[in-house]
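Since chain A is already given, all that's left is putting chain B on it; use the hints.
Here the protein sequences come in this chain order: A and B.
So in our numbering, the last spot in the first sequence is 366, and the numbers never skip.
So in our numbering, the last spot in the second sequence is 78, and the numbers never skip.
Since the hints were derived computationally from the structure, they do not count as laboratory data.
Here the structure is a predicted model, which means the values were calculated and not measured.
Just so you know, even glycine gets a beta-carbon here, dropped at the ideal spot from N, CA and C.
Worth double-checking, as some hints may not be accurate.
[Claimed, not checked] Straight-line alpha carbon distances no greater than 25 Å define the calculated SDA-like cross-link-like pairs of lysine to any residue that follow:
1. 360(A) to 57(B)
2. 224(A) to 23(B)
3. 9(A) to 75(A)
[As the list claims (entries may be wrong)] Facing chain B, according to a computed beta carbon distance under 7 Å, are these residues of chain A, among others:
4. 141
5. 144
6. 210
7. 342
The primary structure of each chain is shown beneath.
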Amino acid sequence: MNLSDSKKKLALAGVICGLVAACLAFMGNPANMAFCIACFIRDTAGALGMHQAEVVQYARPEIIGLVLGAFIISIATKEYRSTGGSSPMVRFVLGMIIVIGSLVFLGCPLRMVIRMSAGDLNAWVALIGFILGVATGVFALKKGFSLGRAHAVNKVGGTMLPVIMVGILIMAMIPSLLKASEAGPGSMHAPIIASLVGGLVFGAVAQKSRMCFAGSIRDIILMKNFDLFSVIAGLFVVMLVFNLATSRFVLGFNTPGIIAHSDHLWNILGMYTVGFAATLAGGCPLRQLILAGQGSSDSAVTVMGMFVGAALCHNLGLAASGTAMNAETQEVVAGAVPPHGKVACIICIIVCFVIAFTSKRDENKN
Amino acid sequence: MRKKELKLVVTFHTTADAMAMEKACKEYQVPGRIIPVPRAISAGCGLSWCADLGDREQIVDMMRKAGIEEEEMHECMV
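The shape of chain A in the complex, shown without the other chains:
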């Protein structure tokens, strides 16, 4: 079935992805984190020993499945193109920035929508920042921003990230080889097979529907086109119904146990950073994984930047903490963004502005 020739079918694609996320949440993934690209990359980086935060280490099969799902479906439907060479180091830095912004907010745009569907008002506040970030990126595009064109490269080049993902999957099957959290969010997960199948389905559907959170806002701002938005809307509705049906919908700020904080300015600035960097990089974290799966070495480099950024966040103490309940005193302890995280977020925004207004189309033309 062609999932992309009408808004209704695109919304159906979003519904399928929403069902996958809801099932994984039901089967054990952390509350309202059901399917978060930044968090899952951070967990996988931890499993590989790239950071030492013991509560967020687990090789998430969802990430592996997303890349492989996009890879398999793009080969099957002859959309696989091995390309690369569009400012790879700038993309690496943008990948780092995307994850740093995400971990200041505590979630990628996909998780932002999932959190919104669970009644987390912090995510609705962050949406303001995300829209402003994408709008800033669109402004840069209108001013001639470009990272230069990608060229066709050796077919093997595009298979590198899928091969690395297969390697991580094999390592995850070997007992005690990778690190795995015994407590905290990293210890909460659906069964491996369910996560892998969920990732494969989500990846294939996202590839066919071109699902992209930054792209959906960009298309609305630039062209008043709601095609990509309809995918996101489908996902949101399914997650909303799931959360209402399973009593996971809790409207409010400062809700303990949902891995979120109510530092409004930094929720806005965190997602502003993500929206801005993702628009410059040509897609949100999910889209980067999908593009890498369908052969883009540029997106694969962005994904590598996301892994390094995630590791840095925990090695340097940049990531925010979620509001939690003190088990002994039963008092709510507000989550917050550490000072290093705030400085990093500001630096990331400055770097985005420098990249956005110094990388011009004419300079890159070849």
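The following block gives chain B in isolation, referenced to the frame of chain A:
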């Protein structure tokens, strides 16, 4: 729902080229509009220029003058 018609769709190597196309078309008063690249012709998520088939010659001429290089020109239902 709007009925789909056979249109000329110009795709570009970069989003910046598509933005430059929009600007140039306004300047030279060439008809058409910017749209997301139709899913039937690319797995990318970029932008393309959509115009009537009859405007092809005028568009090619304008692109040459403005120094904008297309990736491909397609005729497809939009």
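Do the hints match the structure? See the list:
no.: 1; hint: 360(A) to 57(B); in the structure: violated, 29 Å
no.: 2; hint: 224(A) to 23(B); in the structure: holds, 17 Å
no.: 3; hint: 9(A) to 75(A); in the structure: holds, 22 Å
no.: 4; hint: 141; in the structure: holds, 6 Å
no.: 5; hint: 144; in the structure: holds, 6 Å
no.: 6; hint: 210; in the structure: holds, 5 Å
no.: 7; hint: 342; in the structure: violated, 31 Å
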